[in-house]
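Those sequence lines, one after another, are chains W and Z.
1 is the number of the first residue of the first sequence in UniProt numbering; add one for each residue after it.
1 is the number of the first residue of the second sequence in UniProt numbering; add one for each residue after it.
A couple of the hints might just be wrong.
Given that identical chains are not distinguished, each listed pair holds provided it fits within a single copy or across any two copies.
What the hints assert, rightly or not - In silico lysine-lysine, BS3-like type, Cα no more than 30 Å apart, as pairs:
1. Lys-98 / Lys-186
2. Lys-85 / Lys-186
3. Lys-149 / Lys-38
4. Lys-149 / Lys-45
5. Lys-132 / Lys-233
6. Lys-233 / Lys-186
7. Lys-45 / Lys-186
Honestly, the hints are just simulated from the structure, not real lab data.
This structure is a prediction, so every number in the text was calculated from the model and none was measured.
2 protein chains.
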Amino acid sequence: MPRYRAIVAYDGSDFLGFQVQSKHGVERHRTVQGELIKAVNQMGKNPVERIKVVGSSRTDTGVHANGQVVHFDLPFDIPGDAVRKGLNTILARDILIKQVDQVSEDFHARFSSHSKRYYYRVSTQDYIDPFKRRYTGHFHWHLDADRIKQALPDLIGEQDFATFAASGNQTATTIRTITRAEVEVKEDENELVFTFEGNAFLYNQIRIMVGVLLEIGTGRRPVDAIPALIAAKDREQARYTAPAAGLYLDEVAYNG
Amino acid sequence: MPRYRAIVAYDGSDFLGFQVQSKHGVERHRTVQGELIKAVNQMGKNPVERIKVVGSSRTDTGVHANGQVVHFDLPFDIPGDAVRKGLNTILARDILIKQVDQVSEDFHARFSSHSKRYYYRVSTQDYIDPFKRRYTGHFHWHLDADRIKQALPDLIGEQDFATFAASGNQTATTIRTITRAEVEVKEDENELVFTFEGNAFLYNQIRIMVGVLLEIGTGRRPVDAIPALIAAKDREQARYTAPAAGLYLDEVAYNG
Chain W
1 MPRYRAIVAY DGSDFLGFQV QSKHGVERHR TVQGELIKAV NQMGKNPVER IKVVGSSRTD
61 TGVHANGQVV HFDLPFDIPG DAVRKGLNTI LARDILIKQV DQVSEDFHAR FSSHSKRYYY
121 RVSTQDYIDP FKRRYTGHFH WHLDADRIKQ ALPDLIGEQD FATFAASGNQ TATTIRTITR
181 AEVEVKEDEN ELVFTFEGNA FLYNQIRIMV GVLLEIGTGR RPVDAIPALI AAKDREQARY
241 TAPAAGLYLD EVAYNG
Chain Z
1 MPRYRAIVAY DGSDFLGFQV QSKHGVERHR TVQGELIKAV NQMGKNPVER IKVVGSSRTD
61 TGVHANGQVV HFDLPFDIPG DAVRKGLNTI LARDILIKQV DQVSEDFHAR FSSHSKRYYY
121 RVSTQDYIDP FKRRYTGHFH WHLDADRIKQ ALPDLIGEQD FATFAASGNQ TATTIRTITR
181 AEVEVKEDEN ELVFTFEGNA FLYNQIRIMV GVLLEIGTGR RPVDAIPALI AAKDREQARY
241 TAPAAGLYLD EVAYNG
């Protein structure tokens, strides 16, 4: 059973998140993983034992991906590019398989990853653009980007991000390492685009961090609010979660 | 009954076109006009005689607008900007009222217009981008933009565009005047963007013209194909209609 790694892009708007949701073995909603499982099993000629598809990250309802990574095993050995073409023929157009490679049997999309990069698009227009509503968070209060830029370095490093984890976070520890936290101002498009890179992120962590950064941008929180928030380890102190529509899983990195 | 003119943007993906479709007075599908009629009547306190909403153009299923223009009469006199805000509160987020002005009683969104501008986005990537599938036509054959640029001026002028009218066109004459026909190559985005301006267009005319221009771009038709096609007045000679998703009604112009 050769193992394959696939890089997957999707418009998350019409999915109830990445993770398959089933009750008594019946899928209840359209999910990215559910669609991938169906496509991979169709391609694998529906073997007796259903082929599993494992993803690097369980993106939420409405969250997008340019570079989600999944792995699966096929019951026959064919070139990665043939797998890519075959899956794209089967899948609906809001999922795109960008690349497929054969990998060693011990590769695991989730556990082998050493870092992830996300970006978050904020539309700052004073109205909700019909063409952006699915693809950006919308925040029409005046933002001072310099205040946000001053605050961003406070997120860098190995820290306990318990304040920034939504209830429902199920990981053993809330300590994570962030290696990159930046914002780009796109004046022409009335957008701010945040980029975050780290070893892993807690449930809703990026959307809660963006929420705090936007509140810093409006002046509602002081520029140096983040160290105290981190020290508090208390979700109640950071209650605004930026909308799912602005978030993109951009790249997952692996060793070797 | 003061008359109002509204400039309307919409993501056409989730509408069965602009024009309301009803059978025995019951709406059968979600349409832009249908949504506008509901919102305007709600705002007008549902008067006994239902308020009509008249549009400049009946855009097809999946076609978008940045600047569709409509008119309607309200049973009371309030400022245009209050009408704009009120309607945006009622409408779903895939329709945006950009501007509302009071106009004279003889203004008519369709008959008072003297020209319209459309653009058409073609994605030339070799795969269908999940984030563009709703917003561009997709054409992955190699296109020579210089060939298209050479052919475009042949569309300019007052000509009989019968070859470029889909069956279902119901206008008395197929003579139309095109004043602008251009293409811009956006290398970074792997897109071609066509712009067309004219006094009015026939049913599906722009999508059929784009189809011919793309066939000229691939070399399937000669660069000088258009004059002969126009002379033929025969739809059978231009059968490829570019997809609705790439088309945008950008602006409608009025005298005064």
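Comparing the hints with the structure gives:
With identical chains, the CA atoms of Lys-98 and Lys-186 are at most 30 Å apart both within one copy (27 Å) and between copies (22 Å). Taking the closest pair of Cα atoms, Lys-85 and Lys-186 come within 30 Å of each other only across two copies (27 Å); inside a single copy the shortest separation is 35 Å, beyond that limit. When the C-alpha separation of Lys-149 and Lys-38 is checked against a cutoff of 30 Å, the pair qualifies neither within a copy, at 44 Å, nor between copies, at 45 Å. With identical chains, the CA atoms of Lys-149 and Lys-45 are never at most 30 Å apart, being 52 Å at best within one copy and 48 Å at best between copies.
For the identical chains of this complex, Lys-132 and Lys-233 are neighbours neither inside a copy (34 Å) nor across copies (40 Å), given an alpha-carbon limit of 30 Å. Proximity of Lys-233 to Lys-186 under the C-alpha cut-off of 30 Å is found in neither arrangement, the shortest distances being 33 Å within a copy and 48 Å between copies. Proximity of Lys-45 and Lys-186 under a CA criterion of 30 Å is satisfied in neither setting, with 47 Å inside one chain copy and 42 Å between copies.
Checked against the numbered hints listed earlier, the structure breaks hints 3, 4, 5, 6 and 7; every other hint is satisfied.
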